[in-house]
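Protein chains: 2
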Amino acid sequence: MSANEDPMALAELLWGLRKPRTRGPRPAFDLAQVADAAVKVADTEGLEAVSMHRVAAELGLTKMALYRYVNGKSELSAIMIEAAVGTPPDLSGVTSWRTKLEEYARQLSAAWRRHPWLPSITVGDRVMGPRETGWPERALSALADTPLTERERLDAVMLVSHHIRATHPAATQGTQTWTDGSAAPIMRDLLLRNADRFPLLATTMAIPSATTTQEFGLHTLLDGLEHTITQRTRNSGDESAASSPAPP
Amino acid sequence: MSANEDPMALAELLWGLRKPRTRGPRPAFDLAQVADAAVKVADTEGLEAVSMHRVAAELGLTKMALYRYVNGKSELSAIMIEAAVGTPPDLSGVTSWRTKLEEYARQLSAAWRRHPWLPSITVGDRVMGPRETGWPERALSALADTPLTERERLDAVMLVSHHIRATHPAATQGTQTWTDGSAAPIMRDLLLRNADRFPLLATTMAIPSATTTQEFGLHTLLDGLEHTITQRTRNSGDESAASSPAPP
DNA sequence: TAACACTGTGTATCATAGATACAGTTTTTT
DNA sequence: AAAAAACTGTATCTATGATACACAGTGTTA
Chain R
1 MSANEDPMAL
11 AELLWGLRKP
21 RTRGPRPAFD
31 LAQVADAAVK
41 VADTEGLEAV
51 SMHRVAAELG
61 LTKMALYRYV
71 NGKSELSAIM
81 IEAAVGTPPD
91 LSGVTSWRTK
101 LEEYARQLSA
111 AWRRHPWLPS
121 ITVGDRVMGP
131 RETGWPERAL
141 SALADTPLTE
151 RERLDAVMLV
161 SHHIRATHPA
171 ATQGTQTWTD
181 GSAAPIMRDL
191 LLRNADRFPL
201 LATTMAIPSA
211 TTTQEFGLHT
221 LLDGLEHTIT
231 QRTRNSGDES
241 AASSPAPP
Chain X
1 MSANEDPMAL
11 AELLWGLRKP
21 RTRGPRPAFD
31 LAQVADAAVK
41 VADTEGLEAV
51 SMHRVAAELG
61 LTKMALYRYV
71 NGKSELSAIM
81 IEAAVGTPPD
91 LSGVTSWRTK
101 LEEYARQLSA
111 AWRRHPWLPS
121 ITVGDRVMGP
131 RETGWPERAL
141 SALADTPLTE
151 RERLDAVMLV
161 SHHIRATHPA
171 ATQGTQTWTD
181 GSAAPIMRDL
191 LLRNADRFPL
201 LATTMAIPSA
211 TTTQEFGLHT
221 LLDGLEHTIT
231 QRTRNSGDES
241 AASSPAPP
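Protein chains in written order, with my numbering: chain R, 1 to 248; chain X, 1 to 248.
Take the hints with a grain of salt, since some may be wrong.
Computed footprint of chain X on chain R, listed as stretches where at least three residues anywhere in the stretch have a Cβ under 8 angstroms from a Cβ of chain X [claimed, not checked]:
hint, region
1, 55-63
2, 129-140
3, 188-197
Hints are computed from structural coordinates only; laboratory data are not their basis.
Even glycine gets a Cβ: it sits at the ideal position worked out from N, Cα and C.
Please model the entire structure based on the sequences and the hints provided.
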C-alpha cells in the first residue's frame, strides 16, 4: 500500500524548506531535473506509465536511487505537478472582472491542454506548491474590485476552475462523461436501442456533438456571477454591501 | 497492468444482456449480491479497500471464484456504481425548471453523501448502467419546456452535475481543493507564512470556512441559466428561437 | 441411466508497482 | 588520513490484478 503520506515533508519539499545536504557525494541530478523527467514520461507515454522504475530509467538510475530524491510516489507526483503547471497567468491585459476571469479560464485550459494528465492528478486533499498556488491567487485578484464576499470570491474562482477541469477534453482520464472515447459509441448505441426508456438522452445523442460545451458553461457561469454582482452594486447604498450578502 | 477493458462485455453485463448459464453447478450468489458486498466494503472501509480479495472474502469466497462473476476489477467497479447510485430522482414534486434542477442537485448530492466514494469512481470515459443513465435523463426532463437547444440542455445538466461533484465533501477522495483534510491545515499555515506573496489567499484562509460553497455555486449557475432562458424567451417572436441560439 | 460437457470453486503461480533493508562506494569534514 | 554522511545498486517484501489448471458438482444428452 502507498500509505506514504507525510504532508509536512511534502510541504518542505515543495516550498524549498529542505535543508541542502553537504556531506557525501553530490547527487547526479536536482529536483527540477527529476520533475522534468517525470513530466516528460507523462507527456509522451501517459500518466499510467509514470512509475518509480520508469522515471528512474529516464534519468539513467535505478529506482532506489530515485528514492533518495523523493520519499515516495506521492512526492514525485507533487513535484511533477508543480513543474508542469507553469507560471501563474498574467491577467493585466484586460480590465473588467469578467474578461479577467475569461482570460484566466483560457490560460488554465491551455495549461491543461499542454499536459493532459494534469486534471486527473491534481485531485483530492493535497498540499500545493508555490507555483500552483499562484493560480488561484491571480484568479482572486480578478474579483478584487467586486462587491463579493471574500468567501464568495474563492467560491467563484473554484467554480470557474472546476468547470474548466470538468470540460477538459479527457486525454488520459478526466471527469468528463460524454466525450468521444472507446465507451462513447457503445453508450450511444445503448441509448438509441433503449430510446423508449431514455427518449431525451437518445435524441440528444443523435445530434453530432459540438465543441461549445466549455464555452457555454463558462458563459452561463459568468452570467450568474454578473447577476449577483450587479445586484449587489445596485444595493450599495448601505456601507456593508461589499462584505456581507444583501438582505432579502 | 489492468488492461482488462472490454466495453462491449461491460455493456452486456450492465444492461442485462448476458445469457444466463444453465449447465454446471449453480452459482452461490448473483450479481446483485456481489455488487452489494463490494458497496458494503467501500462504505465501511473506503474505496481503496475494495480489492478482488477483500470482496471475495466478504462473500466467503476466494478471489478466483469472484472472477467467475465479473471479468475483472473494472466490471466489479461498474456493477457497484450501478448498485450504489440508486433509483433516478423524482422531480415531479416541483414545477419550474429551476426548482426541478435544484431538486435534482439536492438528490444527487444526497446520493453521493450516502456513498462518498461515488464521485471518485464515476470518472473518465466509461459505460454507464441503466439506473445511472436515468439520472441525466431526469435532469434533461427538467429543461424540456425551455428555449434551450438540446445540446445546451445537456451542457446545462453536466454543469450542475459537475458542480455537485466538485463541491462534494471529499470523504475518500474528491476533486475538491479547499476542504478540511490532513493537508488543509498545512496549506493554511503555508499561506499565512507567505502572506506577502499570496495576500488574497492568505486573508481568505484566515476566515473560517463556510458551508455555503455548494449553494453559492449552484445559485450562481442557475442564475446564469435563467439569464439565457429569459433572454431567449423574450426574443421568441421568431419561430426557431427554441432550437437555435438567438442571433447577436 | 450413464457418459459428457460445462461451470463453480480452490490452489498455485505470475507480473507489476511501491517500498524497505542493506552493502558498497564516493565525497566532504574534522 | 580517518571518519561520517550520503548516493547508488542488488536483493527482497508486500499487495494487487490476473492467468493456468485441477477438482467437483450439475444439467444435458446419447
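Problem - Proximity test - 8 angstroms, beta-carbon atoms, the region 129-140 of chain R to chain X, at least three hits - result: holds (count 6)
Handout entry: Verdict on chain X covering the region 55-63 of chain R, where coverage means 3 or more residues with a C-beta closer than 8 angstroms
Key = violated (count 0)
Problem - Within 8 angstroms of chain X's CB atoms, at least three CB atoms from the region 188-197 of chain R: coverage verdict - result: Holds: 4 residues of the region 188-197 of chain R have a Cβ under 8 angstroms from chain X.
Figure legend: structure checked against the earlier numbered hints; the only hint not met is number 1.
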